[in-house]
Amino acid sequence: AQKITQTQPGMFVQEKEAVTLDCTYDTSDPSYGLFWYKQPSSGEMIFLIYQGSYDQQNATEGRYSLNFQKARKSANLVISASQLGDSAMYFCAMSVLNAGNNRKLIWGLGTSLAVNP
Amino acid sequence: NAGVTQTPKFQVLKTGQSMTLQCAQDMNHNSMYWYRQDPGMGLRLIYYSASEGTTDKGEVPNGYNVSRLNKREFSLRLESAAPSQTSVYFCASSPRTGMTGANVLTFGAGSRLTVL
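Going line by line, the protein sequences match chains A and B. My numbering puts the first sequence at residues 1 to 117. My numbering puts the second sequence at residues 1 to 116.
The reader is advised that the hints may include incorrect statements.
To be verified - Just some of the chain B residues that point at chain A, by a computed CB distance under 8 angstroms:
{"#": "1", "residue": "43"}
{"#": "2", "residue": "45"}
{"#": "3", "residue": "64"}
{"#": "4", "residue": "78"}
{"#": "5", "residue": "110"}
FYI, nobody ran anything at the bench for these hints, they're computed from the structure. All residues carry an ideal CB built from backbone N, CA and C; glycine is no exception.
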């Protein structure tokens, strides 16, 4: 079964500290992609970072990095130096091959992050 | 810097009424998508359009129709609304055709629909 699991419904972090949001995945597709999106209280989904299954190095985008452990099938998001504006829902998603040779995105249920001042 | 624009932002319908959610993108993207977001269910794909002139069903297409009017616009229609269609609807677009590789989605702000 192709699945994304985010086991932390809610997380708290102190401002300026680092936080790791967990994401594990399951797929038999050898060529997949992993995404993280942020959804602030205003509602829109914002792309943060992408990791391809064949990428050798962990992806980084500013304060965001993706800790990609292929053997463990995990793709954790690390946010360094948390800011109050990081308070939001965070979604992990996976792009896999679908029937008809198309690709589809599978989404996790999200983790709510609260940054405390 | 508009990106993806959805209208309306909020709508209340009675069971059986019809309505159309409008979506437009100004990024010259090829693919467009409609998702619904429900508590505990995550994001679920309703319909998508991999390119102008094509539409395909996603995971939960029943009760919905779509039109890819042109490259910019992709509308979602509820012909006879049901309470089960109460949800937040998101339109998204991406530059590539289909979900190949790092096909990053740009989302609209969402439309909150309540069906009584």
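Each hint tested on the structure:
1. The restraint placing residue 43/B at the interface with chain A holds, with a minimum CB-CB distance near 4 angstroms, inside the 8 angstroms limit.
2. Checking residue 45/B against chain A by beta carbon gives a least distance of about 7 angstroms; that is within 8 angstroms, so the hint holds.
3. Because the closest C-beta pair between residue 64/B and chain A is about 17 angstroms apart, greater than 8 angstroms, the hint is violated.
4. For residue 78/B, the interface hint is violated, the least distance from its beta-carbon to any beta-carbon of chain A being 20 angstroms, above 8 angstroms.
5. Of the supplied interface hints, the one on residue 110/B holds, with its beta-carbon coming within about 4 angstroms of a beta-carbon of chain A, less than 8 angstroms.
Violated hints for the displayed structure, listed by number in ascending order: 3, 4.
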